[in-house]
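Given the coordinates of chain A, assemble chain B onto it according to the supplied hints.
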Amino acid sequence: MKIKNHIILFLVLLAVWLLLNSSFEIHILSVGVVVSLIITLVFCRNCNVFSEIKLTPKAFFYAIIYVFVFSGALIKSNFDVARRVVTPSLPINPGIVTVKTKLKSKIGRLMLANSITLTPGTLTIDIKDDIMYIHWIDVLSTNIDEDTHQIVSRFEKYLEVIYG
Amino acid sequence: MDGTLQIIGAIITLIGSIFLFLGSLGLIRMPDSYNRIQAGTKASTLGTILTLLGIALINPDWSGKLILLILFVLLTNPISSNVLARAAHFINIPLYKKTVIDKLKKEETIKVDVSDKKINNKTDKQ
Numbered sequence: 001m002k003i004k005n006h007i008i009l010f011l012v013l014l015a016v017w018l019l020l021n022s023s024f025e026i027h028i029l030s031v032g033v034v035v036s037l038i039i040t041l042v043f044c045r046n047c048n049v050f051s052e053i054k055l056t057p058k059a060f061f062y063a064i065i066y067v068f069v070f071s072g073a074l075i076k077s078n079f080d081v082a083r084r085v086v087t088p089s090l091p092i093n094p095g096i097v098t099v100k101t102k103l104k105s106k107i108g109r110l111m112l113a114n115s116i117t118l119t120p121g122t123l124t125i126d127i128k129d130d131i132m133y134i135h136w137i138d139v140l141s142t143n144i145d146e147d148t149h150q151i152v153s154r155f156e157k158y159l160e161v162i163y164g
Numbered sequence: 001m002d003g004t005l006q007i008i009g010a011i012i013t014l015i016g017s018i019f020l021f022l023g024s025l026g027l028i029r030m031p032d033s034y035n036r037i038q039a040g041t042k043a044s045t046l047g048t049i050l051t052l053l054g055i056a057l058i059n060p061d062w063s064g065k066l067i068l069l070i071l072f073v074l075l076t077n078p079i080s081s082n083v084l085a086r087a088a089h090f091i092n093i094p095l096y097k098k099t100v101i102d103k104l105k106k107e108e109t110i111k112v113d114v115s116d117k118k119i120n121n122k123t124d125k126q
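Just so you know, the protein sequences line up as chains A and B, in that order.
Oh and the first sequence: position 81 is 81 in the working numbering, straight run, nothing missing.
Oh and the second sequence: position 26 is 26 in the working numbering, straight run, nothing missing.
Among the hints, a few may not be true.
[Stated by the list, open to error] Derived CB-CB ranges, DEER-like:
| # | chain 1 | residue 1 | chain 2 | residue 2 | range |
| --- | --- | --- | --- | --- | --- |
| 1 | B | 18 | A | 153 | 29 to 37 Å |
| 2 | B | 94 | A | 56 | 43 to 51 Å |
| 3 | B | 5 | A | 104 | 27 to 35 Å |
[Said to hold, decoys possible] Residues of chain B placed beyond 12 Å of chain A at every Cβ, according to the derived structure:
| # | residue |
| --- | --- |
| 4 | 3 |
| 5 | 10 |
| 6 | 28 |
Everything labelled a hint here was simulated from the structure, so no lab data went into it.
No experiment lies behind these values; they were computed from the predicted model shown.
A virtual CB, placed ideally from N, CA and C, is assigned to each residue, including glycine.
One chain only, chain A, in its complex shape (with noise of 0.2 Å):
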């Protein structure tokens, strides 16, 4: 199980490094391998925030769609808040709501809570166990079940395949 930590913190190291430096001369490359080695050598001694992540196809294949979803409800939040903003009368109506999760991991529910944040009229404050505090700036209702399944649901059912 350790020996995936340190794999994956290399190559997110090697990939930000190759980014930075936009082209792949076998100099440059070089440099980075053995930067990123060491670093990971050095530093990785208890790295296991990635041990939650899954390596599997299906992992893969969540996670890019994933991406498109949550593409589709950043661009609908900010037309949303767009409209609300613009509107003269100011139609806000909001409040504090609970909501529960199912996710288990911590990488998992900081990517939810990160979720939540970016989508419409929604913001995480808190997060205590399995229970999120959640401004809504419209507040449907406060039955704690009709929030989740509100807010969570659509991210959830990807979050738990790429996470665990």
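Same frame as chain A, but now just chain B:
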């Protein structure tokens, strides 16, 4: 060919700046800090991403660095807004008067009461 790519890039950058403008308008128009954070986060994220994408089309040599910037904005923007909102709620910045419900409030007031009692006990002993 170069010209069309540059025009498309310029249009995308313009759309991004429109979103940024709407976000800043939201900062002025929204009634309380939480709604302001909402408007600010979403509009600034998409606005920044579109602006950087447009620059990447205009100047393809920079695209690697710009993709890296987009990833950083996408990862860090929601976290910063989350921390701001949490801190705002923690120091009891009031919600908008039309707010429907505040489920976080109850638990936090209990916490504050407990800590107050502890402080009082300490002062009594002294």
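(message) If you test the structure against every hint from before, which numbers come out violated?
(response) 3, 6
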